[in-house]
Structure formats: C-alpha cells, structure tokens
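These protein sequence lines are chains A and B, in that order. For what it's worth, my numbering labels the leading residue of the first sequence as 11, then goes sequentially. For what it's worth, my numbering labels the leading residue of the second sequence as 30, then goes sequentially.
There could be a bad hint or two in this list.
Stated by the list, open to error - Taking lysine-lysine and the DSSO-like style, the derived pairs with C-alpha atoms no more than 30 angstroms apart in a straight line are:
# : chain 1 : residue 1 : chain 2 : residue 2
1 : A       : Lys36     : A       : Lys292
2 : B       : Lys37     : A       : Lys36
3 : B       : Lys37     : A       : Lys209
Source of the hints: derived by calculation from the structure; they are not laboratory data.
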Amino acid sequence: MTTATLDAPAATRRQRRFNAKHILRKTPVRILIAVLVLVQLYPIFWLIMGSFKTQNEFFAKPTWALPESFSFDNYVAAWTTGNLATNVVNSILVTIPSLFLMILLGVAAAYALEVMVWRGRNTVLLLFVAGIMIPGQMILVPLFTAYFRTGLTNSLWPLIITYTVMGLPLTVFLMAAYFRAIPREIFEAATLDGSGMVKSFFYIGIPMMRNAIITLALVQFFSVWNDLLIALTFTTKKQLQTVQVGLLSFSDEYGSTQYGPLFAAISLNIIAMGIIYLFLNKQIMSGLAAGATKG
Amino acid sequence: MNSVLGDKRAILILLGPALLFYTLIKLVPVMWSLGLTFFTGNPLRGFQFSGVDNFVRFFNDQQALQALGFTIRYSITVTVGQIVLGYLLALMYVFVLRNQASWVRTIVFFATILPTVAVGLLFKSLFAFGQQDGPVNAGIEVLGGTGIDWFSTGAGTFAVAVIMELWRSMGFFAVLLYAGLLDIPEETLESARLEGATGFKLVRYIVLPLSLPVLLSSVIFSFNSSLKVFDTLLALNNGGPGTETTPLTLLMYRTVFQYGDYGYGSTIALVLTILCFLVTLFIFRSARRDNTKVG
C-alpha cells in the first residue's frame, strides 16, 4: 500500500533526535508557529465576527472591532431571503447521488480491470486514467448542447451525471491500485466455493475495500461540493443553483450594500466544512494527499 | 479457474456501466470538442466550417494572448510558491516541531478543504479598500502606510490571487511533502550526520535529493491545478480589472456562454489541454535527464 500515511512513530523518533539540537531555538519556533496559526485562522475569525455585525457597524466601526451583539439576523437573512436554504438542498441532492454512482461504478470497474483477467484490460485502464488530465473545459460545450437538447437542463441530472463521470478516472485509478494490493487467491478461493465474480464483488470486494471507499468518498465529496464550473454551466434556473453558484450570485445581488448576510453565508459554508474537518481531519489529510500523488 | 476470473458476463456487468457513462459523457464530448475547433458559430446561428481559422485567430487575438500569458504567469508563481512554502513547512514539521507537529499540520491544512468561491469572496473582503476597508488595508494604515486599492490594478489583483492561493493550499502541499520526507530512511540521515552533515548541509545534500520524486509529483500536480484556475479569480475580481486577470478557463467560458462562439471556445479549451500535457511532459523529461546525470 502506497497510501501517504501520517502516522507518528517515525516522526517522533526523528524529532526527538533533533530536539536536543534545537532546544535553544525554541522561542523563535514558537513565534513562527504563532504567526502561522494566526495567518491561517485570523481571516476566518474576522469573517465570523463580521457575520454578526449590523450594516452600521460595518461602516462606522474599525474593521477589526468585535460585533456589539451576537444576533443571528444575518444568518436568518442569508438562509431565507438569500436563498441559501434552497442552495444547500440542491447541493445535497446533487452530491449524494453523484458520490454513490461514482463509487459504485468506479469500484466495480476497477474490480473488473484489476481482479479479473482478460485481454485489453490494461488499455481500458489507461483510457480511464488519461481522463485525469483532461480539463473540464474540454467537455463543457458538447455536454451543454446535449443536455439542452434532451431537455435535462430543467433538472439536477446534468450535474449528477457530469460529476459522476468526472470522478470516475480518479476512482478507477485509485481503486485499481488498492485491488492490486490484495492477493488474487482470495477471489480464487471464493470461486472454488461456487461464488460468481459479480457475487464476489459485492460480498468480498466491497467489504474489503471499505476503508479505501470511505477515504475516496471524502476526497470526491470535496471536489463535488466545492465545484463551481460544472454547476455554473449547467444550472440555468435560480431554483437549481448549488451552494457555490448561489454564493457567487449572492454577492452580485446584494452588491456592496449588504455585508452582514454575505458574511453569514460565507461563514456558514466555512463552518460546515470546519465541523466535518473536526471529526475527519486525519482521513481527509491522508486521503487528499493520496489522491494527489497518485493522480 | 481462469474461466471464472475471465467471465465475460461478469466483466460486462461490472465494467459495462462505468465504461458506457465514461464514453458518452467524457470520451465522446472530448472528440466532439476537437471537431468543434474547426468550426465557428453556435447551435442557434448554425456552424460554418472554418478550417484552422480558430487557431490563427487565437494567436492574433490580443485577449487570448493576454489570458494565455496570465495563466502561465499565475501558474508558475503559484507553483513556485506552493512548493517552496510547502517544503519549508514540511521540513519544519519533521525537523523542528515535536508534539505540536500534529495540531499545527491540522490547522494549516484546514483552508485546503474550504470552497474556493467562499475563499475568493473572503479575500475580496480582507483586501477591500475605501469605504469598507478590510483588515489588510486597515493594518497598513495603522502602520503608517496608505491603503492600497488592490482590485483596481491587474498587478494588485494578481498579488491577492497568489497570496490567497498560497494561503489556501500551502498546508496541503506541506502534508504531501511531509509524507515524502517521512519515507527517507532514518539510517541514511544517521550516516550523513556521522559524516558531519548537519542543518542546512543535511537538507541540501541529503534530504533534498532524496525527496525529488515527491517534489516532482507535487510540481506536476500544482501546475495542472493552477493552469485550470477558475473559481477563485471569478469570485475575487471577476477576472478584472477589465480582462487583466482573466485566465484561459474564464475566457473560454465567456467566449462560449456570453459571446456564443462554441468553436472558438473549444479551441481555447484545447489550448489549455495541450498546455497541461506539455507542462507535464516537460517536467517528466527534464526530471529523467537529471536522474541520468546523477546516475
């Protein structure tokens, strides 16, 4: 398994050895860490403080002043009149089916390409992998035409279909690598017991890959949820906008006048990701790193 | 045995759906886009065959060349920044930090998973100027300087875009490169230390050469994602002022969906795709040359 592991033993061993040498430099290091953390977190803190400010405070008070009261008026405004509620529902309705389809199709394909033995499987694998490098712009125009002609543009289907397919190359590529690490004898033993390959896939392949699938789902979740290009191109109606598209048009509609609701909308986006990160940061970090080095 | 592992029906069931979707939604559209590059027009006006006119037009089009130049400048600046900052952070994680390493890593990584639109809008406010000064300009004024109207010039917007991208992704590259540093065998470092290599020397002559493979894949990943930059620049300053910070992706989007020229838009997409392939190829080749030199 070549997954990027972030486990501690090797690190601590190395760090301990270096520690004696660097103990005199502890203070500069602490300052460095403080600056680093401040640079990373202050913008988010400032944003969240801003989300509680009234319009008057934005103009009358210095920009770093704390809000006078913690009222959720801006959040209510963003959620209701700012359309954020609709956008969140749309994003969920798009993300869950996309992830499900992408992973089911991708893992099955990787299984057929890596566990099963047949001529031409390497060529097909290469065909999938080549897709990793092709930018979304290369498929945008034909898909727009096709979705428009088939009348799909009035639904969320164009997004679901496109995300599913755009996620396939990385899914197939990573899962093929994971399947490669499993001894084929396991599947051969299952066939001796009379299990067909499709049955083995559901009863052996998927359960064995559970952790890899969860990691992959996390990686793909962020790429689908955070996407703008596809969502912007294929959503023609306001009721179909996802969170990212809504956020972009949010600032247009309110212009430079309504800072509070805009800050609240951005804050909600960031806080939601923060909550997910709080629980899953280890898996997210190793998953994204694995996705990048292999892709 | 092999007849079960090569069961045609099972292959069809497992691989069929993924391959069908992938062909219809990815491969066919890519071919279709390639074909469109020889035409001008759109479905409403009709298409006229124009041969290689689109390519000739691209290299005489002031706006296209500006977008190409901007994309390359942006990509190089961001890649250099991401790799240098990421590597410095990774070195710090491994050699300087002890128990703090884990939580510092986690905090610095967080920005990576934030929606790029949200980050773009956040930085637009952070660097805002005038009536609603952001903390950056407010800070400059407190220190006795005069605030900068970042978004009124191309250079200012470029600077903010690069700072924003580095803020967002340096934690990611740090984790990526950190995983590579952990793979360096402890014995190698130990023997180098016995030979008298410490501090900077150790990094320069031992650690750096040994982390070349992971640096290489990071550079490729960084280039490929920064060449495709879209969301952040759209959210930050709408590609402006004017079209000064419009990358190829955004120019392509506008050419197709605002000016209705599907053929020329596809040509821009193709140029972007070729650029991605060329850069990857170039980095691979130059890396191989380096390896033979060392060997």
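Each hint tested on the structure:
no., hint, result
1, A:Lys36 to A:Lys292, "holds (27 angstroms)"
2, B:Lys37 to A:Lys36, "violated (64 angstroms)"
3, B:Lys37 to A:Lys209, "holds (14 angstroms)"
Consistency with the previously given hints fails for number 2 only.
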